[in-house]
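Colleague: The listed protein sequences derive, respectively, from chains A and B.
Under this note's numbering, the first residue of the first sequence carries the number -8, and numbering increases by one thereafter.
Under this note's numbering, the first residue of the second sequence carries the number 6, and numbering increases by one thereafter.
In case anyone wonders, no lab produced these hints; they're calculated from the structure.
One thing to keep in mind: the hints can contain errors.
Within a straight-line C-alpha distance of at most 20 Å, the following computed DMTMM-like cross-link-like pairs (lysine to aspartate or glutamate) qualify [as the list claims (entries may be wrong)]: (1) B/K140 x A/E455; (2) A/K471 x A/D495; (3) A/K387 x A/E624; (4) A/K518 x B/E209; (5) A/K698 x A/E624; (6) A/K543 x B/E209; (7) A/K420 x A/E624; (8) A/K179 x A/E206; (9) B/K140 x A/D679; (10) B/K140 x A/E624; (11) A/K619 x B/E209; (12) A/K468 x A/E455.
Footprint (simulated), chain A over chain B, 3 or more residues, beta carbon under 8 Å [said to hold, decoys possible]: (13) 130 to 136; (14) 193 to 202.
Computed from the model, here is a short list of chain B residues facing chain A with C-beta under 10 Å [said to hold, decoys possible]: (15) Q26; (16) S27; (17) K140; (18) G143; (19) T208; (20) V212.
Using N, Cα and C, we set each Cβ at its ideal position, and we do this for glycine too.
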Amino acid sequence: MGIRKIFVLCIMVWLNATSLTISQTTENFSGLYASGKIPKDFTTKSYDKSEQDYLENEDKDLDKDFFLSTRYYIDELLLSGNILFNEKLSKYLNRVASYTLRAESSLKDELRFYVLKSTTANAFSTDQGIIVFTTELLAQLENEAQLAYIIAHEVSHYIEHHVKESYVERQTLEKGKGKYYKMDHESKVAALSVYNKSSEFEADEKGVDIYMNTEYDVDEIYTSFEMLLYSYLPFEDFKFESTFLNSSQLIIPDSYFIDTLNKVSKEFNYDDLNSSHPNIEKRMNNVIMKVGTDKSKGNKKFVISEKEFREVQNLARFENVSITLSQREYGKAIYLSYLLQKEFPNNRFLDLSLVKSLYGLAKYKNANRFSEVSEKPQDIEGESYVLHLFLSDISKDFLNVLAYRFAYDMAEKYMNDSVFKAYEKDMKKELAVRSKFDFTKLKDKAKENYLKELKEVALDFDIEDSLLKIEESDMSKYQKIRRKKELNALRDDLNSSDKVENDDFYLYALHDLVRDKNLIDELENIKKEHEESQQQVETSKEGNKEGENVFKKIVIVDPIFEQFKVNRKKDLIKSERKKEEMSALYDKVYPKLNMKTELLDSKMLTPNSVDEYNALGIMLRWVKELMKHQDIEMICSSNDRVANVKKMYGTEHFLFTGAFAIKQRNEAKAVHFYSILFPYLIPIAVADLLITHNNFELITFVANVDKDEIVFANVADVKLKLHSRVLQAYIYDVMYQLNQVKK
Amino acid sequence: MKRLFILLCCINLVCYSLFSQSGYIGSLNAVNIDFNGITTQTRTIKIKVKGNDSTRVAPLRYVIPAFSIGYSRILGNRIEATASYQFANVKSHLFNSNINLFHNQKVLNEIKGRQHNFSLDFKYYIRGSIAGVGKYFGFRMQYGVLSFNENELLLGKLGNTTESSFFVKRANILSQNYDIETESARGTSLSLRVLVGRSYPITERLVLNLEASLPLLSRYSTGLYTNFGYEQYGEINDSFIFDPYNLDKLVIRTSHIYQRASFKVGIKFHF
C-alpha cells in the first residue's frame, strides 16, 4: 500500500471518528443525524427570506407581517438541529414524494421534504414549500401507501395556499371585518374552526386526486386515518410481559402486574368542536364520497421499497426512544424498548435505553420527584398501562435494587463499554448514598436457599431456650446484649419466612454480588468516601485564586436574543440582528482574558457545516434535559451523544446564553389619578405613564458535559437600554467571571 | 465629619474586596474630563461699567461653568471611585449681599476669584447597572479653596434699581468714590455631597457621563487670612477701614453659592 493511500485512509478514519454524520443502522444505533450539504432553507437569514418573498409576492391580502412571522417561525424549527436532511429517512421520504407527485414533476421541484425528530405524530406544510414529517409519524405508519397519502394531503395544502388563506382569514377575524363583523368572540372562534375544517376537507379531497395517480392501494387512505386516530398510543399495543424486567437473580412476583387494562377510549367521532381538524369519521366519510366515483384503484402498499420502509420506520422508532428518554418519559421508554426488543433482541441501544430508564426512575424516586417523570396510570391507555402501574406502585428500595441489578447485568454483558460502566458506577453510588437504602439488609443468598437454611437452623436448636441460657451464663453484659440481639433477629427472620411474603424479595436480588463481590462492604466504602468528600468540599469552598483556569476553552452554543416591543410582541427583525451582534461579542477576542472561545451558532451555518448543525441539535437536546433534572446529580440520557461533540470541539465546557430585552410602560395606578388633586403633579404623572422603560436580562450558564452539571451560572437583570456596548460590558463581565474560576 | 469619613472609607474597602471586577469591557481605569454647571440661587450678575455715568448693566446667570479633570478606578462590580480636581472662575455676588461698607457705600464691582476643588467620589451603581455603565448614586468628599484676586474694590453709593427684566438688571450708580485694593481673601470648605448620575457607553473606550450633585454637609472657614482689609491710600482716614467680618462673610457666602446643586457632563476615557 502506498504512502498516499495510507494517508488517505488515516484521514478517512479520523473523519469518521470526529464526524457526527456516521451511518445509521439499528444494529449499532447511535442517533439520527442530518448529512451532506445543508440546504439553503437553513443558511439564509430569516429577514432576507421574508424580504425577498414579500417583494415577490403578488397577493395583496398578504402583509409584511405574514412573511416575517412565518419565516421566523419555521426557521426557529429548522435551526433547532432537530431536522433531518440528506440521510436515510428524508431521502426515502423524498423518493416516495417524487413518486407520488410524478404527474406534477414541476411541483416536486418547488417542494422540500424534511423529517423532524419529535415524538408527536404530525406533518405540516408551509407556503414556502417546506413539508415536514415527524419521526413519530414515520414510526406509526404501517406502509408506504399511508405515507404517500399524507404527502398528497400536505402537498394539497401547499397547492391550495391554505397557509396564506388561513392567515388572511385570521386577520379578517381579528379586525372584525366581513363575515366576522359584530360577531362575539365565541362565534368568531367557531367560525374560524369551521373555516379551518373546510381547508382540511379540501386538502383531503385534493390529496385523493394526487393519490389516485399512483399505484397505491386506495384502502390505505382509510387506514391512514385510523393510524392518525391512534397515533397518541405507542406504535404497537402488545401485552407487557411480567418477566421482561426479570434477571437471573431477580424474579419479580406476578402479583405486581395486574391483568386488567385501561381500554383505548378514543372513537372515530370524537368531539371536534374546538379543533382545527374535523374528526376522523367526518374526514373518512368525506374521502369515501370522493373516492367512490373514481374507478381507477391501485392495490400496492409498497412501490419504492418495503425493506427501505421498514428500515426507515425502525430508525424512526429507535430515535423516538432516545427522544422519549431525554423528555424523561422513562416508563414510556421502557415500553418502547420492550416493543423493539421483540424484533431486535440483544441490541446495545435498547439495552442501554432500559438501563437509562430504570436509572432515571430511581434517581427521581430518590429525589422525591417521581411524579415529574411518571405518568398517572389512569391516563395511560392500552397495554402499557400495566407497566406504568407497576412502576408507580413499587417501593423506592425495590426500584433502586432493580435499577442497579439491570445496570450491573448490562455492564457485565457489555464489558468493554464505558457507557454502561458509568451507569453501573453511578447507580451503585445511588444505592450507597442517595437512596438512603439500608443496604445491610441485602441478603447473600437466593431467597429459596435463605428460607431453606433458616428452617434448618430452626430445627437445630430452640431460640427461646438459647435466650434463657444466655441469661444464665456468665458472659459479660455486652456479650449478652450482642448474642440476644442476634438471636432475636434470627427469630424475626424465621417468623417472616413462615409468612412467605413477597415484599422483601428484592433484598435477595443482589445476593450473588453480596456473596462474591462484597457488595455491602463496597457500598459502605462508597458511603464513607462520599461523606469525606463532602467534608472536603465544605472546607475548600473558598476556592483557589492562584490555580490554573478551569475554563480554558468554551464553546458558546447558539446564543438566544429576543427583543419584545411595548405591546409585548416579539420584534423579529431586531431579535435576529441583535442575535448576530451578540454572537460576535461572545466570539470576540478579549486580550486580557486567558480563555479561548468558539461559536456554535445556528445563524452562521454554511452549506458544509452539517457537523455543526448536528452538534447543535445534540447540545440543545442535552441541555434541555439537564435543566429539567435541576438539582438531581445524574447522567443525562444524551450524554453519550454529547461526548462526540466534546471530541469535536476539544472541550467539556459549553456556554448557553440568552438575552431578553423588554420595553414597557408603567401601568396606571391610583397614585397617578391622585395627581389631579395637585395640578402641578399632572405632568409628572403623565410622563411616568408615557415614558418607556428599557431593560433586559442576560442569562448565562456553563455546563460541563463530563459531569452533566451546570458549573457556572450568571443572571444579570439590567435596567438599561440594550445598547451594543452595554451588552458587551455585561458579556465581558461574564467572560471575566469565567476566567476567574481557578482549579 | 471625621468619623463619617472613616466610616465611608471602611465601607468602601470592605465592599470592593467582596466583588471581583471586570471593569468597563476590561478597563478598570479611566480619565475623565467634565464640564460642570453650578447653579446659583442668587442670580449671578456680570457687571459692566458703561461710560462715566456709572450706569451698570448686569446680565443674569443661573449657571456658572466649571471644569474638572479626574481619574476613575472601578473597585467592584458596582463600585467606582473617582479623584478629581475642579476649577472655576468665580465672582462675588454683590447685588444682594447687603455688605454695607461705610456710610451707605457698597462694593460695586464683583470681585473676581478662583475656586479649586479637590474631590473624592464613591459611586455605587444601582442594581441593573454595572460599574462603568448605567445609573449610580454616590458620595463626594470635597475640599475647596476659594480665593479672590487682588482686584480693586470699587466703592460707591448705589442707587435703587431702576430697571430690570428676567435676564438683565440695570442699576444707576449715583457716585463712584474709591478704588481700594485688598489682600488676597481666601476661604476653604469641606463638604460631603450626594451624587446621582448615569453613564452612557459610546465606544469600547469612551463613556458619556451625566451627573448631578447636592451638598449634604458643609463646613466653611475663611482660611489663613482672618483680618481682611485694604491697603490704605494716602492719608489715614477712619472712614476707609473695613469691617473684616464683612469680607469674611463675603467669602463664605460666595463659597456657599458655588457649592449648590451642580450638574456635570463629561467624557470618560477608559484604559
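Colleague: If a hint holds in the structure, say so; if it doesn't, say that too.
Modeller: Hint by hint, here is what the structure shows:
1. A threshold of 20 Å between alpha carbons decides the hint, and for B/K140 with A/E455 the separation of about 83 Å lies outside it, so the pair is violated.
2. Distance hint between A/K471 and A/D495 is unfulfilled; the C-alpha atoms sit about 29 Å from each other, more than 20 Å.
3. Of the supplied pair hints, the one linking A/K387 and A/E624 holds, its CA atoms being roughly 17 Å apart against a limit of 20 Å.
4. For a cut-off of 20 Å, the pair hint linking A/K518 to B/E209 is broken: about 53 Å separates their Cα positions.
5. For the hint linking A/K698 to A/E624, the alpha-carbon distance of about 9 Å falls within 20 Å, and the restraint holds.
6. In summary, the hint linking A/K543 to B/E209 is not supported, as the alpha carbons are separated by about 25 Å, beyond the 20 Å threshold.
7. At roughly 11 Å between alpha-carbon atoms, A/K420 and A/E624 fall within 20 Å of each other, so this suggested pair holds.
8. Between the alpha carbons of A/K179 and A/E206 the distance comes to roughly 42 Å, so the proposed pair goes past 20 Å and is violated.
9. A hinted pair counts as satisfied when its Cα atoms are at most 20 Å apart, and B/K140 with A/D679 qualifies at roughly 18 Å.
10. Our distance criterion of 20 Å between C-alpha atoms is broken by B/K140 and A/E624, whose separation comes to about 40 Å.
11. Note on A/K619 and B/E209: the hinted pairing is violated, with a Cα-Cα distance of about 38 Å set against a maximum of 20 Å.
12. As the CA atoms of A/K468 and A/E455 are separated by approximately 19 Å, the hinted pair is consistent with the 20 Å bound.
13. Counting residues of the segment 130 to 136 of chain B whose C-beta lies closer than 8 Å to any C-beta of chain A gives 5; at least three are required, and the coverage claim holds.
14. Taking a C-beta to C-beta cut-off of 8 Å, the segment 193 to 202 of chain B contributes 0 residues in contact with chain A, too few for the three needed, and the coverage statement is violated.
15. Taken as an interface hint, B/Q26 checks out: its beta carbon lies about 8 Å from the nearest beta carbon of chain A, inside 10 Å.
16. Here the hint on B/S27 is kept, as its CB sits about 4 Å from the closest CB of chain A, short of 10 Å.
17. Satisfaction of the interface hint for B/K140 is found here, the shortest Cβ-Cβ separation to chain A being roughly 7 Å, below the 10 Å cut-off.
18. Below 10 Å, beta-carbon pairs count as interface contacts, and B/G143 has none with chain A, the closest being about 17 Å; its hint is therefore violated.
19. Given the 10 Å rule on beta carbons, the hint for B/T208 holds: about 7 Å separates it from the nearest Cβ of chain A.
20. Because the smallest distance between the Cβ of B/V212 and any Cβ of chain A comes to about 8 Å, under 10 Å, the interface hint for this residue holds.
Of the hints listed earlier, those the structure fails to meet are numbers 1, 2, 4, 6, 8, 10, 11, 14 and 18, in rising order.
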